[in-house]
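Asker: Sequence:
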Amino acid sequence: MKGNVWVYRKTGGKIGSQGGKVVLLTTTGRKTGLTRTTPLMGIPDGDRILVAASAGGDQKHPGWYHNLTANPEVAVERGREVFEMSARTAGPDERPALWSKFVEKNKAFAKYETRTDREIPVVILEPRE
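For any residue, its number in this note's numbering is found by taking its place in the sequence shown, counting from 1, and adding 2.
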């Protein structure tokens, strides 16, 4: 994964962004306090960006999700731009419509949901005020 992040940054997202779908999410480790950067599919939604804590349908939430629930202040890189954002998990009234955007963009998300008993969180990244 570090190699993917390096290539993305070196090329400004021209390589490694899968046609502009991938963003780099940087969180602060809840235990270590160190920054962690993860490439994720990001869906623009107005001034927000949506990401899903799918972990490919694993039974556990990914580490980055635990990090941002502990510290919701994150950075998001799209191409060469960096955005300071706040993260929150979509509520039960928001999630169905937002989740459908992931399935529309990439059918693999529908498979992820069948592989796990957990509800895959949809995370809303909003500009910091």
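Please keep in mind that the hints were generated in silico from the structure rather than gathered at the bench.
There's no promise every hint is true.
Computed Cβ-Cβ distance ranges for the label pairs, DEER-style [as the list claims (entries may be wrong)]: (1) T116 / K16: 29 to 39 Å; (2) G35 / D119: 14 to 24 Å; (3) L36 / K113: 17 to 27 Å; (4) T116 / G35: 14 to 24 Å; (5) A110 / F85: 36 to 46 Å; (6) G81 / T116: 11 to 21 Å; (7) E106 / D49: 28 to 38 Å; (8) R11 / K107: 38 to 48 Å; (9) S88 / G35: 27 to 37 Å; (10) G81 / D119: 30 to 40 Å; (11) V84 / T116: 33 to 43 Å; (12) D119 / K16: 14 to 24 Å.
Calculated cross-link-like contacts (lysine-lysine; reagent style DSS-like; alpha-carbon spacing at most 25 Å) [said to hold, decoys possible]: (13) K107 / K16; (14) K109 / K12; (15) K23 / K33; (16) K23 / K103; (17) K109 / K23; (18) K62 / K16; (19) K107 / K62; (20) K23 / K12; (21) K12 / K33; (22) K62 / K109; (23) K103 / K12; (24) K33 / K107; (25) K12 / K62; (26) K33 / K103.
Quick caveat, the model's predicted, so the values are computed rather than measured.
A virtual CB, placed ideally from N, CA and C, is assigned to each residue, including glycine.
Asker: Taking the hints in turn, state whether each one holds.
Answerer: Going through the hints against the structure:
| no. | hint | in the structure |
| --- | --- | --- |
| 1 | T116 / K16: 29 to 39 Å | holds (34 Å) |
| 2 | G35 / D119: 14 to 24 Å | violated (31 Å) |
| 3 | L36 / K113: 17 to 27 Å | violated (32 Å) |
| 4 | T116 / G35: 14 to 24 Å | violated (36 Å) |
| 5 | A110 / F85: 36 to 46 Å | violated (26 Å) |
| 6 | G81 / T116: 11 to 21 Å | violated (33 Å) |
| 7 | E106 / D49: 28 to 38 Å | violated (20 Å) |
| 8 | R11 / K107: 38 to 48 Å | violated (23 Å) |
| 9 | S88 / G35: 27 to 37 Å | violated (18 Å) |
| 10 | G81 / D119: 30 to 40 Å | holds (36 Å) |
| 11 | V84 / T116: 33 to 43 Å | holds (35 Å) |
| 12 | D119 / K16: 14 to 24 Å | violated (38 Å) |
| 13 | K107 / K16 | holds (19 Å) |
| 14 | K109 / K12 | violated (29 Å) |
| 15 | K23 / K33 | violated (30 Å) |
| 16 | K23 / K103 | holds (12 Å) |
| 17 | K109 / K23 | holds (14 Å) |
| 18 | K62 / K16 | violated (31 Å) |
| 19 | K107 / K62 | holds (23 Å) |
| 20 | K23 / K12 | holds (17 Å) |
| 21 | K12 / K33 | violated (29 Å) |
| 22 | K62 / K109 | holds (21 Å) |
| 23 | K103 / K12 | violated (29 Å) |
| 24 | K33 / K107 | violated (33 Å) |
| 25 | K12 / K62 | violated (31 Å) |
| 26 | K33 / K103 | violated (32 Å) |
In this structure, the earlier hints numbered 2, 3, 4, 5, 6, 7, 8, 9, 12, 14, 15, 18, 21, 23, 24, 25 and 26 are contradicted, and the remaining ones agree with it.
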